[in-house]
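Enquirer: Each chain is listed here by its residues.
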Amino acid sequence: MSVTRDQGIIVCRDVHKWFGDFHVLRGISLTMQKGEVVVICGPSGSGKSTFIRTINRLEEHQRGQIIVDGIELTHDLRNIEAIRREVGMVFQQFNLFPHLTVMQNITLAPVWVLKMKKSEAQEIAMQLLERVGIPEQANKYPGQLSGGQQQRVVIARALAMTPKIMLFDEPTSALDPEMIKEVLDVMKELARSGMTMIVVTHEMGFAREVADRIIFFDFGQLIEENTPEEFFHNPKHERTKLFLSQILH
Amino acid sequence: MRKKVASSHAIPFWRDIRVLRVVSQILFVTVIAAGIWWLLNNLQTNLKTAGLNISFRFLNNTAGFPISEGLRYDPTNVNGYAFLVGVVNTIRVAVIGIVLATVIGTLVGIARLSNNWLLRKLAALYVETLRNIPLLVVLFFCYFAVMLTALPLVRDSIRLPGFVFLSRRGLYIPSLVPTGSFGTWAWYLIGGLVLATVVYFFRRVQLKRADRPGFPIVWAMPVLLLVVIAGWFLASGNPLSVDVPVLKRFNFEGGMWLSTPFVALVLGLSTYTGAYIAEIVRAGITAVSKGQTEAAKALGLRRTQVLRLVILPQALRVIIPPLTSQYLNLTKNSSLAILIGYYDLMNVATTIFNQTGRAVEMILLVMGSYLSMSLLTSVFMNYYNRRIKLLER
Amino acid sequence: MADDLHTFHSTSNQLPPPSERIPVLRWLKQNLFSSWFNAILTIVAGALIVVLIFGLAKWALGARWEVIPANLKILLVGTYPAEQMWRVWTSLYIIAFLLGLSSGLRSGLIRRISAAAGIASIVLAILPFPWVTRGWTFGVAFAVAVGFGMGYLGKKNRWFKRLEITCWVLSFPIGLVLLNGVGGFLPVIEGRNKWGFVLNLLGAMVGIGLSFPVGVSLALGRRSKLPAIRWVCTAYIELIRGVPLISLLFMASIMLQLLLPASVRPDLVIRAMMTITAFSAAYMAENVRGGLQAIPKGQYEAAYAVGLNGALTTVLIILPQALRAVIPAIVGQFISLFKDTTLFGFIAILELLNISRSILGNLEWRGTIFELYVFIGIIFWILCYSMSYISRRVEKSLGVGER
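Chains as they are written, first to last, in this note's numbering: chain A, 1 to 249; chain B, 250 to 642; chain C, 643 to 1045.
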């Protein structure tokens, strides 16, 4: 079964995953086009984080197909490395490298993986820092920044590899409330600039504003997907309605 | 850009992660196995050239060399038994050394946290001095300088209270010798133990039913003591008599003799290891955050209760693992005995080797002994660790 | 309203703290005599100290300290042929020069170390040694000064720093060649003639230099996901850690030649150094493993997500963090290694401790046992304490535990 890029930049067909005996992903099928912003929501334990982590092979799927930008995710070393270079990820726990400055955090991968020249990488890094709004923090260490600033550095670090797709795993869940907005603003600007994004989040305001589609996950299955309008006003499944009533208060 | 499309079939094996994982392991194991095979091959060739083989029969041959302390032994015993005597000597030194080192270490460790400035500085001086000089220097100092030079000759022994005599030849202490009535009294001892165990479990069940905290041993101990003391009086004569060392013309007679190397070894090992244990104890106590003490006091617990119920259990969790490794170190360091003439297992093994030329066999015996001791300690420690591990999410 | 907002910032209404001079009496009461128990302790301890100090002083004044200068050469370098001693001095000068160079180029801890070395050598030059030795000793301070000058002048040059690092790296093999000699070029000094403290130092340096990379590799191997590698590394570590060093040295002296082809007979000293390396590497591995375990899984994930492969992740992300966290344990292991070189005496290698025993056998120096051991103890103590001091300063400057 061959796949061309016309079908979508991400194509998932019947993806299954088990953690031991626990069936965490039960046949997920999803297609995404370039430039789309998809928000995934659902109760905890529903498998949404696991799902996006299978896309850049942080988790291995056991059945089904995942095809990113025409490359299929298999045990092929070359494919995995190629896909990792095209997909950027932002974590809930930031995971900045504490022993490197902000600038070094951002330039590390371009220099070592893309074999870029250090000065070139630093230029790009500064541009990205300006884009996320914190150019003055370039020479500080992560421990000296606030949570919101750290997360913005994470976004800049991911963008430095010029990915085609950005994955966000609950990016604001670990932030203090007053810092959530600054990160969401950056993400909104990213979405408007045409980046393909999958965002796992509870921030429904963000979803309403920039998402092209919202997907509801529960018990490892894709229960409902729809445009934000339809999703919030006309949820079709009982589970969706229950979930929405719990989080929209 | 990418016109070629990858399908899920036919990944070339040199890029397949699963294949790479297995192949690299096979390669690694092959290299190691080849190396070992080469070594063993050399061993075989060299042994053949020398006309030797590997067998443990020599353990049944007469030893022919003296061992001046330990189990009852004379040169007509076999090599195997001689080695056993060495092992027992190692265990003797290790056990006494561990006990003393723990005592010293705990005292010094607590002293380092005392609010008495002088005590704190002295303890720090002790620790910093001993941790920065080699153990061998300490041992040589204890043996050559202290025992053999500073102490007087036997006839001018230093007399310590309780019939203990210290001289250049070693330490003479009174020993307990079982007499005729020891047999009957032994029965009282066993009976007392049995009764005490029964009382212990009975009390435990009782406390559990009443759902109250307590220590059953508080009941069991007096029972044991009562029975033992009663038995002492009821048995005819004294079950145990004290044998006191008495200075005769050239030496002491009676009592128990602890040789010079033994005393020096115990002294050196316990002071040296004690310094390390002091640091461990200090780290353990300071690891319990101040908030714990504050919370406990706020709840109204008295100072001793705070120490016993809140601080000590938490401190012990931090202390026990490195403490066990220090115990292991002490046991292994006892092998330095050979350099000061104490007949531990290393020393005996070297002598046996010198006499029989059995290099491989003796090495295996020596390593095996130490490994068993280490493994036993590790197993115990893992068990203890698992039991007291703070249950975390 | 705006004015109120303006003036309300973090320094408004801030007062300076009350002065905190504690008069001496109050300090004594607080720290030494705060309770009956403490008071008794202080008095007893104080009395003990006074007695000890007086006793020590009395002994020290009446001791035969001449044993040390008389035997100093033997203690430190054994019977290194006198006419070749210039090689030992040259190696020392190279180190001194490089120390000075580095302290000229950089600032901070290294400056203090060079200063200490310079001052120490000047002080030693004043002591009553033979004039020739004094001259050589003074040369150490001179070398440090020259190095400092050159470093200071070359501060601006970028290439100078790279030269400096290359020189440090090269100094190790060059020093070894100088001390040991190479056939045809520099007369080889037989192992029998290289006794004394030099042996402890050399053994320690080789041991430290080699056991560190081996230990790190073992630690990484022990945490590998591939079971075969993990098993082999774990087996090695647990086996080595379960036996005393003496038994390994014993094995090295009597069994090693049985395991090697008859034509290969490495020198006894080399065997000892390899043994101590193999021994120390296992302990090093356990220390590093502790550091590796403390790295949160997220660091690995972030590195993979950004495209770094396993090797790059380990070298750039994981190891720097792990090693930084266990510097005290690693330096502690180095210090232990250095102290363990005294065990070389067991296989008849005449290092410092062993030589002192033969000196004591000499009728002339009978009874100087305390002086000798005190001297040896002091040498070791100074070096070991300096090492742990340096490690604490390095830790601080790396900001460990601050982030």
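Calculated directly from the structure, the hints in this document are not laboratory data.
A couple of the hints might just be wrong.
[What the hints assert, rightly or not] Taking lysine-lysine and the BS3-like style, the derived pairs with C-alpha atoms no more than 30 angstroms apart in a straight line are: (1) B:K539 / C:K798; (2) A:K140 / C:K671; (3) A:K236 / A:K188; (4) A:K118 / C:K939; (5) C:K1038 / C:K798; (6) A:K117 / C:K803; (7) A:K115 / C:K803; (8) C:K671 / A:K117; (9) C:K939 / A:K140; (10) C:K939 / B:K370; (11) C:K798 / A:K181; (12) B:K370 / C:K1038; (13) A:K164 / C:K671; (14) A:K118 / C:K797; (15) C:K803 / B:K539.
These numbers were taken from a predicted model, which means no experiment stands behind them.
Enquirer: Which earlier hints turn out false for this structure, listed by number in ascending order?
Expert: 1, 2, 8, 10, 11, 13, 15
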